[in-house]
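Mind the numbering: the sequence shown is residues 362 to 694 in our numbering, read in order.
Rather than coming from a laboratory, the hints here were simulated on the basis of the structure. Just so it is clear, CB atoms sit at the ideal spot from N, CA and C, and this is done for glycine as well.
Computed cross-link-like contacts, DSS-like style, restricted to lysine-lysine with a CA-CA straight-line distance of at most 30 angstroms: (1) Lys597 to Lys640; (2) Lys615 to Lys369; (3) Lys686 to Lys369; (4) Lys579 to Lys596; (5) Lys615 to Lys371; (6) Lys631 to Lys693; (7) Lys615 to Lys686; (8) Lys533 to Lys585; (9) Lys371 to Lys385; (10) Lys369 to Lys385; (11) Lys686 to Lys649; (12) Lys596 to Lys640.
With beta-carbon atoms standing in for the labels, derived distance ranges: (13) Lys615 to Val680: 26 to 32 angstroms; (14) Lys684 to Gln659: 22 to 28 angstroms; (15) Glu642 to Arg499: 35 to 41 angstroms.
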Amino acid sequence: MYYGFQDKQKIFQQYLQGELPESKESQLVDWINSADDNLQVFKNYIAENEFTQRHAAETQKAWLRIRGKLHSGSNAPRHKKISLPGWAKVAALVAIAFVSGIIINNVTHTKNEEAYVLNEIIVPGGEKSQVILSDGSRVFLNANTHFKYPSSFNRKEREVVLSGEAFFEIEKDASKPFVVETPGFDVRVTGTSFNLSAYTDDNINSITLHSGSVAIEKNGHEYKINPGDKFVLNKKTNRYKIVQTDLANSSLWKEGVSVVENLDLREIQKILERRFNVKIEIADEQLKDIRYTGHFKQHETLDEILALIRDASPIKFNVEFNKTKDVVTIRKK
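Build the full structure now, drawing on both the sequences and the hints.
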C-alpha cells in the first residue's frame with residue numbers, strides 16, 4: 362500500500378502519541394514490510410520527534426502489537442534481557458524509557474560493601490533515551506550511555522550510576538539527596554537541573570549546572586558550583602577547572618545538535634561515532650590535531666559535517682566510506 366508523505370506523517374504521529382487505531386496498524390506494518398527503506402523512514406521520523414510523545418504506555422502497547430508483525434520481529438531477544446528498536450516506548454518497572462535498541466537489565470551494584478539491585482539501561486550509538494524515575498525525576502540519556510537506577514528510592518539517598526551523558530531534572534527532596542556516581546566523580550543534589558558528561562573513554566568529563574546547586578565529590582574533596590558554571594575534569598592530569606559557560610549549548614544534544622568548542626579531531630571523532638553509530642578511523646597522525654568550533658545540526662549528515670571540518674582545516678583530507686557505510690576513514694590528501 363502506498364502512502365503519500367502527509368498520510369505517513371499523520372500515521373507516524375498517531376503512533377508516537379499512542380493514538381494509532383488498531384485498524385491502521387496492519388496498514389502501517391504492510392507499508393514498513395513493503396520496502397527495506399520504509400523501516401528506516403519510520404525510525405528517522407520517530408527519532409526526530411521522540412520527545413513530543415505523551416502517552417508512553419499506549420505507545421508501548423502499540424509497539425508490542427506491531428513488533429510481532431514485522432519481518433524482523435521473530436529475531437527479537439526474549440526473557441531476561443529486553444532489546445527493542447530505538448523508537449519504541451518501553452515501560453521498565455516504574456520507569457518509562459524510550460530509546461532505539463534499548464537494553465534493560467537487572468544488575469547488582471556494590472557501594473560501601475553493600476550490594477543492591479539496580480536496573481540498567483544501555484543506549485546504543487545513534488540513539489537517545491528518556492527515563493522517568495520513581496520520584497518523578499526526569500533523565501535524558503545520550504548515545505552510548507549506561508544508566509543504572511533502582512525501581513524505587515527506599516534508601517537514605519537516591520543513588521544512580523552513569524557512564525555516558527545525561528541531562529537531569531531532579532525533583533526536590535532535601536531529606537533524601539540525589540547522588541549520581543560516575544567513573545570520575547560523584548554529584549550530590551537535592552533538587553536541580555544539570556548536564557553531566559562522563560564517558561569512560563573521554564579525557565574530559567564535565568557537569569554544567571542549569572538551576573539549583575550541586576556538590577561534586579572527588580577523592581574526599583567537595584566542590585560546589587553555581588548556575589551557569591561548568592566543572593571540567595581532565596582525567597589524564599587529574600586537574601579540574603570551573604568556568605562560565607553558555608547554558609543553551611550544554612543540552613542542545615537533546616534536540617539533535619552537537620556542539621564542539623575548540624576540540625581536536627580525536628574528540629570530535631568520538632562525538633560523531635556516538636551520534637551516527639559508526640567507526641571513524643583517522644589514518645594520519647597530523648590530522649588528529651586539527652581543531653574545530655561549531656554546531657552540527659540535526660539534519661546534517663556525517664558526510665556534510667566532515668566536509669565542513671575539511672573546508673575549515675589547514676590540512677585537507679579525503680573521506681572514504683566502506684560499502685556498508687559503518688566505517689569511515691579520514692585520510693590526508
